[in-house]
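*Asks:* Chains as they are written, first to last, in my numbering: chain A, 1 to 206; chain B, 1 to 161.
Hints are supplied without guarantee of correctness; some may be wrong.
Calculated pairs, BS3-like style, for lysine-lysine (alpha carbon to alpha carbon, straight line, at most 25 Å) [said to hold, decoys possible]:
(1) K78/A x K36/A
(2) K183/A x K4/B
(3) K183/A x K8/B
What follows is a set of in silico ranges between Cβ atoms, one per label pair, in the way DEER data are often shown [said to hold, decoys possible]:
(4) D15/B x D26/A: 34 to 42 Å
(5) G25/A x R24/B: 51 to 59 Å
(6) S39/A x Q72/B: 21 to 29 Å
(7) N2/B x P75/A: 40 to 48 Å
(8) C33/B x S39/A: 38 to 46 Å
I should point out that these hints are in silico values taken from the structure, not numbers from a laboratory.
For every residue, glycine included, the Cβ atom is placed at its ideal position computed from N, Cα and C.
The lines below spell out each chain.
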Amino acid sequence: MLRVRYNVEAMARSDVQLMLDVKAGDDASFELLLRKYRSPLVNYLGRMMGDSATAEDLAQEVFLRIYRARSQYAPSAKFTTWIFRIATNLALNARRDGRYRRLEVSIQEGSHPEDDDARVLQIPDTRPGAEQHLMARDRAALIRRAVEELPEKQRAAVLLHKYEEMDYDQIAAILNCSESALKSILFRAYETLRVKLAPIVNGSLG
Amino acid sequence: MNCKAMEKYSVAYLDGSIDSRRRREVEAHLADCGPCRVRAHQFQEVWGILEEAPMVRPSASFDAAVRARVAQEASRSSLWGWLVAPSPRLAVGVTGLLVFSVWLSSLQPAARPPAQIVTAGDTEFKMIADLPVLEDYDVLANFEALSEVPVQPTTPTQPGL
Numbered sequence: 001m002l003r004v005r006y007n008v009e010a011m012a013r014s015d016v017q018l019m020l021d022v023k024a025g026d027d028a029s030f031e032l033l034l035r036k037y038r039s040p041l042v043n044y045l046g047r048m049m050g051d052s053a054t055a056e057d058l059a060q061e062v063f064l065r066i067y068r069a070r071s072q073y074a075p076s077a078k079f080t081t082w083i084f085r086i087a088t089n090l091a092l093n094a095r096r097d098g099r100y101r102r103l104e105v106s107i108q109e110g111s112h113p114e115d116d117d118a119r120v121l122q123i124p125d126t127r128p129g130a131e132q133h134l135m136a137r138d139r140a141a142l143i144r145r146a147v148e149e150l151p152e153k154q155r156a157a158v159l160l161h162k163y164e165e166m167d168y169d170q171i172a173a174i175l176n177c178s179e180s181a182l183k184s185i186l187f188r189a190y191e192t193l194r195v196k197l198a199p200i201v202n203g204s205l206g
Numbered sequence: 001m002n003c004k005a006m007e008k009y010s011v012a013y014l015d016g017s018i019d020s021r022r023r024r025e026v027e028a029h030l031a032d033c034g035p036c037r038v039r040a041h042q043f044q045e046v047w048g049i050l051e052e053a054p055m056v057r058p059s060a061s062f063d064a065a066v067r068a069r070v071a072q073e074a075s076r077s078s079l080w081g082w083l084v085a086p087s088p089r090l091a092v093g094v095t096g097l098l099v100f101s102v103w104l105s106s107l108q109p110a111a112r113p114p115a116q117i118v119t120a121g122d123t124e125f126k127m128i129a130d131l132p133v134l135e136d137y138d139v140l141a142n143f144e145a146l147s148e149v150p151v152q153p154t155t156p157t158q159p160g161l
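From just these sequences and the hints, can you work out the full model?
*Replies:* The structure is reproduced here in structure tokens:
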């Protein structure tokens with residue numbers, strides 16, 4: 001009974017308060033932050049990097065950096081802004097230093113193991129719904145590729161705006177730019193997506 | 001509102017964060033401008049299409065991996081803290097070393113042998129006292145005792161020495 005009450009109280013605490021508790025040596029608060037942010041972070045980094053293994057590696061690094069910084073933590077910004085800023089910087093640095101270039105190339109080329117098998121064996125899939133499945137897969141690949149091919153800052157802006165539903169001031173703080181610059185970045189990003197996704201927008205694949 | 005200004009408000013119109021006054025202005029422009037109307041419509045479609053992109057989810061081992069890395073970090077930082085942070089053990093150790101050094105240095109003067117120093121000092125004193133005579137060139141050039149000394153032929157240097 002006591003344990004349940006403790007967890008409810010812990011969940012009600014703000015992220016900033018949880019981080020301050022981590023600073024004071026409370027490992028249970030770190031566990032709560034881990035549970036709350038692991039999915040959004042892995043999702044965001046996965047879409048930034050185009051690879052789930054890389055995303056996991058970088059997300060682990062984000063949590064490690066937060067833990068390392070606990071003694072110097074001062075709540076000067078929203079916790080979400082802080083954690084996504086760390087994640088964005090790690091992702092941008094990782095892409096620039098080329099550690100994950102090989103993986104990105106393989107994903108951009110769409111070379112999945114099942115694709116290679118299909119190319120070699122050339123066996124038509126005659127199962128019911130197979131055509132719809134392929135169309136859905138092509139559509140998903142097109143969307144993913146369109147987002148991945150956006151310039152880094154545009155991609156981060158779209159992901160934070162669309163999927164993380166962040167306010168402009170938060171995204172601007174994460175990307176270290178003004179709000180008006182961010183609106184311009186977002187406009188150009190959606191304009192590029194509109195062109196790249198034209199086959200779907202016009203109903204060719206959908 | 002013109003087409004250029006639409007670029008500024010298109011995204012806010014798309015995500016619904018635009019205020020009501022701007023919304024009316026945007027909608028008035030869209031009613032009159034075909035290209036902007038098409039673009040706004042396609043922005044809405046793109047907005048919906050992006051929802052279809054599958055989520056990237058953490059693996060089952062993700063939490064354990066984070067905990068392992070954090071535990072490793074915690075043990076490393078605690079070792080560093082033991083070495084650097086002020087601790088009674090470290091203070092006692094440093095103080096003991098200091099006291100031992102002071103005690104050792106206080107013993108050293110008594111261990112010196114005084115007799116040899118005095119002998120060496122006498123020899124040095126005589127040599128220094130004769131220096132003005134040796135350094136006076138006129139005295140040495142006209143010193144009769146030296147003229148009686150036969151000149152020694154210089155011996156050739158043996159190879160290998």
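*Asks:* Hint by hint, say whether it matches the structure.
*Replies:* Now the hints, each set against the structure:
Distance restraint check for K78/A and K36/A: the Cα-Cα separation of roughly 15 Å lies within the 25 Å cut-off, and the hinted pair is therefore satisfied. Under the criterion of a C-alpha separation no larger than 25 Å, the hint pairing K183/A with K4/B is consistent with the structure, at around 13 Å. At most 25 Å may separate the alpha-carbon atoms for a hinted pair to count; K183/A and K8/B meet this at roughly 7 Å. D15/B and D26/A have their C-beta atoms about 37 Å apart, which keeps the hinted 34 to 42 Å range intact.
Judged by the Cβ atoms, the range 51 to 59 Å given for G25/A and R24/B holds: they are separated by roughly 55 Å. The hinted range of 21 to 29 Å is satisfied by S39/A and Q72/B, whose Cβ atoms lie roughly 24 Å apart. For the pair N2/B and P75/A, the supplied restraint of 40 to 48 Å holds, since their beta-carbon distance comes to about 43 Å. Taking the beta carbon of each, C33/B and S39/A are about 41 Å apart, inside 38 to 46 Å as hinted.
Violated hints: none; the structure is consistent with every hint.
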